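A.B. asks: Chain by chain, the residues run as shown.
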Amino acid sequence: MATAERFDPYVYLRTKKKFPAVWCAGCGNGIVLGALIRAIDRIGWQRDEIALISGIGCSGRMPVYVDFNTMHTTHGRALAFATGLKLARPDMHVIVVMGDGDALAIGGNHFIHAARRNIGVTAIVINNSIYGMTGGQTSPTTPEGALSTTAPYGNMEPPLPIAQLAEAAGAALVARGTVYHARELDQLIERALLKEGFALVEAVSYCHTTFGRLNKMGTAVEMMQALKDNAVTVEAARGMTAAQLQGKIVRGVLVDRDIPEYAARYQRLIEAAQASRLGALGHNER
Amino acid sequence: MAVQLMQGNLACAEGALAAGCRFFAGYPITPSSEIAEHLARRLPELGGKFIQMEDELASLAAVIGASVGGLKAMTATSGPGFSLMQENIGYAAMAEIPCVLVDVQRTGPSTGLATSPAQGDVMQARWGTHGDHPIIVLSPSTVRETFDLTVKAFNFAELYRTPVILLMDEVVGHMREKVELPTNPEVVQRLATDVPPEWYYPYEDGGADVPPLAPFGTGFRYHITGLFHDRAGFPTERTDEIDPWIERVTAKIERNLQHILLYQQDEVEGARTLVISYGATARSARHAVGLARARRHKVGFMKLQTLWPFPIDAVAEAAQGVRMVVVPEMNLGQLALEVERVVGRHKVRRVGRANGQMITPDEILAAIEEH
Numbered sequence: 036m037a038t039a040e041r042f043d044p045y046v047y048l049r050t051k052k053k054f055p056a057v058w059c060a061g062c063g064n065g066i067v068l069g070a071l072i073r074a075i076d077r078i079g080w081q082r083d084e085i086a087l088i089s090g091i092g093c094s095g096r097m098p099v100y101v102d103f104n105t106m107h108t109t110h111g112r113a114l115a116f117a118t119g120l121k122l123a124r125p126d127m128h129v130i131v132v133m134g135d136g137d138a139l140a141i142g143g144n145h146f147i148h149a150a151r152r153n154i155g156v157t158a159i160v161i162n163n164s165i166y167g168m169t170g171g172q173t174s175p176t177t178p179e180g181a182l183s184t185t186a187p188y189g190n191m192e193p194p195l196p197i198a199q200l201a202e203a204a205g206a207a208l209v210a211r212g213t214v215y216h217a218r219e220l221d222q223l224i225e226r227a228l229l230k231e232g233f234a235l236v237e238a239v240s241y242c243h244t245t246f247g248r249l250n251k252m253g254t255a256v257e258m259m260q261a262l263k264d265n266a267v268t269v270e271a272a273r274g275m276t277a278a279q280l281q282g283k284i285v286r287g288v289l290v291d292r293d294i295p296e297y298a299a300r301y302q303r304l305i306e307a308a309q310a311s312r313l314g315a316l317g318h319n320e321r
Numbered sequence: 123m124a125v126q127l128m129q130g131n132l133a134c135a136e137g138a139l140a141a142g143c144r145f146f147a148g149y150p151i152t153p154s155s156e157i158a159e160h161l162a163r164r165l166p167e168l169g170g171k172f173i174q175m176e177d178e179l180a181s182l183a184a185v186i187g188a189s190v191g192g193l194k195a196m197t198a199t200s201g202p203g204f205s206l207m208q209e210n211i212g213y214a215a216m217a218e219i220p221c222v223l224v225d226v227q228r229t230g231p232s233t234g235l236a237t238s239p240a241q242g243d244v245m246q247a248r249w250g251t252h253g254d255h256p257i258i259v260l261s262p263s264t265v266r267e268t269f270d271l272t273v274k275a276f277n278f279a280e281l282y283r284t285p286v287i288l289l290m291d292e293v294v295g296h297m298r299e300k301v302e303l304p305t306n307p308e309v310v311q312r313l314a315t316d317v318p319p320e321w322y323y324p325y326e327d328g329g330a331d332v333p334p335l336a337p338f339g340t341g342f343r344y345h346i347t348g349l350f351h352d353r354a355g356f357p358t359e360r361t362d363e364i365d366p367w368i369e370r371v372t373a374k375i376e377r378n379l380q381h382i383l384l385y386q387q388d389e390v391e392g393a394r395t396l397v398i399s400y401g402a403t404a405r406s407a408r409h410a411v412g413l414a415r416a417r418r419h420k421v422g423f424m425k426l427q428t429l430w431p432f433p434i435d436a437v438a439e440a441a442q443g444v445r446m447v448v449v450p451e452m453n454l455g456q457l458a459l460e461v462e463r464v465v466g467r468h469k470v471r472r473v474g475r476a477n478g479q480m481i482t483p484d485e486i487l488a489a490i491e492e493h
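Chains as they are written, first to last, in this note's numbering: chain A, 36 to 321; chain B, 123 to 493.
If you are wondering where the hints come from, they were derived from the structure by calculation, not from laboratory data.
It is possible that some hints are incorrect.
Counterexamples of contact, computed for chain A against chain B with all Cβ distances above 10 Å [to be verified]:
{"no.": "1", "residue": "D83"}
{"no.": "2", "residue": "A117"}
{"no.": "3", "residue": "P178"}
{"no.": "4", "residue": "N250"}
{"no.": "5", "residue": "M252"}
{"no.": "6", "residue": "E257"}
{"no.": "7", "residue": "A261"}
DEER-style ranges, computed between Cβ atoms [unchecked claim]:
{"no.": "8", "chain 1": "B", "residue 1": "L206", "chain 2": "A", "residue 2": "Q302", "range": "25 to 35 Å"}
{"no.": "9", "chain 1": "A", "residue 1": "R292", "chain 2": "B", "residue 2": "D177", "range": "24 to 34 Å"}
{"no.": "10", "chain 1": "A", "residue 1": "E84", "chain 2": "B", "residue 2": "R163", "range": "30 to 40 Å"}
{"no.": "11", "chain 1": "B", "residue 1": "L206", "chain 2": "A", "residue 2": "G180", "range": "33 to 43 Å"}
Counterexamples of contact, computed for chain A against chain B with all Cβ distances above 12 Å [to be verified]:
{"no.": "12", "residue": "K53"}
{"no.": "13", "residue": "R73"}
{"no.": "14", "residue": "G95"}
{"no.": "15", "residue": "A181"}
{"no.": "16", "residue": "A255"}
{"no.": "17", "residue": "D264"}
{"no.": "18", "residue": "T276"}
{"no.": "19", "residue": "Q281"}
{"no.": "20", "residue": "V290"}
Predicted model, so just to flag it, every value in this text is computed and none were measured.
Ideal Cβ positions, reconstructed from N, Cα and C, are used throughout, including at glycine.
So here's chain A without its partners, still in its complex pose:
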């Protein structure tokens, strides 16, 4: 876009006193943050219209850095706070960023029901397969057999498939990207932001500080390389067998369907309730 104004990230960042970020050097969280503000910039939304809500963990610190209406809530509950805000202010663009432990362990119930209701919230789950902030404990997406500080003999539990869960629960849009494929992540988040209804983007990332070190996976660069090597597009995945897809990250838009959004439906319910009440009053008067 040669004629368009150059993208200026500083418009969206609270640069004055909030940086450097708490995240480790090499963390994927900054890439997700970058993708989010690039997507918002491309859409052209105003900062006043946007709320960014988070829970607890490394991802929970993201709202501090952006100049929107921002709220850092309790562990796992970000989607429930967002549901209240979206219902109160259907005109606002409500975005929730969570980690895998935040969204799927302590917040798993809220995740399912936010998707089921199809509340108009964009949910970004940064999946790094571990509890990073607390020092590398097993999360619901830790691979079976991997080491964590609470699974010193290897994780016994199978990981929870985030995208399939959101699809089964009723999300309008489900997408998956990686922090290696940053430009694609911009586009996936943009699609999710523009979708009416509950839109999930799983941003596959890594934690070289805890998970990577425990499992001898190398530096951030090497873990990034692994994302590049293991990810396949949705289109490519269609031509692959289950055996070939083993251990692969399928990236792209996985589900996109039109389902009436909850807050908009509630607005119609209000109109109907008020009309029938007025009707009832009229009837009584007669």
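Add chain B to chain A, keeping to what the hints say.
C.D. replies: Coordinates of chain B only, in the frame set by chain A:
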């Protein structure tokens, strides 16, 4: 408004609407469900929003989210759900988000007796969430008072930017009484800021105890967190920012006790015995006091409507010169602990019960006549 027969839970719901409540999020639980059921029908008629959430954790979270969006918001529950709400009571206290929680108490602990009354959540209402925090807790004993105190709860929540808990009980919640509700109760609107966004600090307002809370999406972009925060709302670990916050949120309640502490008392002057009660038990206590006075006992009566902050000075003054203070309550002495703290342990006669049965006037009368 006309005289009508009304249930306590309905009076609570109507009180909320009269106070301007336009958002309710909750999860079904006996004996509070009528509040949710009534608001599910009434709120959309008034342009408000009702949502049944997946649990009580989410219910209070949604309430706080809606309040941040500018709506007066409430949830209602009972003991087991109230336990789950503790985490976000702390969040609302820390972030200073106005909201109202109704706890129609039933017998606990745990599932306890789902349809039987209790007053066992008095201490949980004060100290249930972790850490020191301000809180206001009100408790009604009649249907009309339920309406009035629900309105007050919203007013206090907005005036002091704090969660306010209305402690009802199964008796008051399910009881039906003849009431005439006020048509225009005094309602406090949320304080609006008069500064431009670039001057706005959500946690500081030139020395005022309660800075105005600008709703999200109105041009004031700021940060809200459950971490300790500076005046702009951003996380801090600096004690020179944390201490003033603690001081201010304590002061915003302490400096307004005259307004917040609600109680009724009669014939406390010259009394030899003082009966202090609240909630449904105050009804038995009131009757017992009448019986005792008929037998020429000098008995003062004090009904507390504000339980927290505890009306220390009022209780001390009312108890001055009495030989005994009788504290009947449907628990094993939770508020009696506070009374003992104020008047001394030797003076207090607890009349407690936690088996789901009301305390009868005869039992209270026996305690009055014991010495």
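A.B. asks: If a hint holds in the structure, say so; if it does not, say that too.
C.D. replies: Hints versus structure:
1. D83: violated, 5 Å
2. A117: With a cut-off of 10 Å, A117 of chain A comes too close to chain B, as the shortest Cβ separation is near 6 Å.
3. P178: holds, 28 Å
4. N250: holds, 31 Å
5. M252: holds, 31 Å
6. E257: About 32 Å separates E257 of chain A from the closest Cβ of chain B, which puts it past 10 Å; holds.
7. A261: holds, 33 Å
8. B:L206 / A:Q302: 25 to 35 Å: This hint holds: roughly 29 Å between Cβ atoms.
9. A:R292 / B:D177: 24 to 34 Å: Roughly 27 Å apart at Cβ, these two residues keep to the hinted range, so it holds.
10. A:E84 / B:R163: 30 to 40 Å: About 32 Å separates the Cβ atoms of E84 of chain A and R163 of chain B, which means 30 to 40 Å holds.
11. B:L206 / A:G180: 33 to 43 Å: holds, 35 Å
12. K53: Nearest chain B Cβ is 7 Å from K53 of chain A, so the label is violated.
13. R73: holds, 19 Å
14. G95: With a cut-off of 12 Å, G95 of chain A comes too close to chain B, as the shortest Cβ separation is near 9 Å.
15. A181: The assertion about A181 of chain A holds, with a minimum of 29 Å to chain B.
16. A255: holds, 25 Å
17. D264: Per Cβ check, D264 of chain A is outside 12 Å of chain B; nearest 37 Å; holds.
18. T276: holds, 38 Å
19. Q281: Q281 of chain A is indeed farther than 12 Å from all Cβ atoms of chain B, at 34 Å.
20. V290: holds, 22 Å
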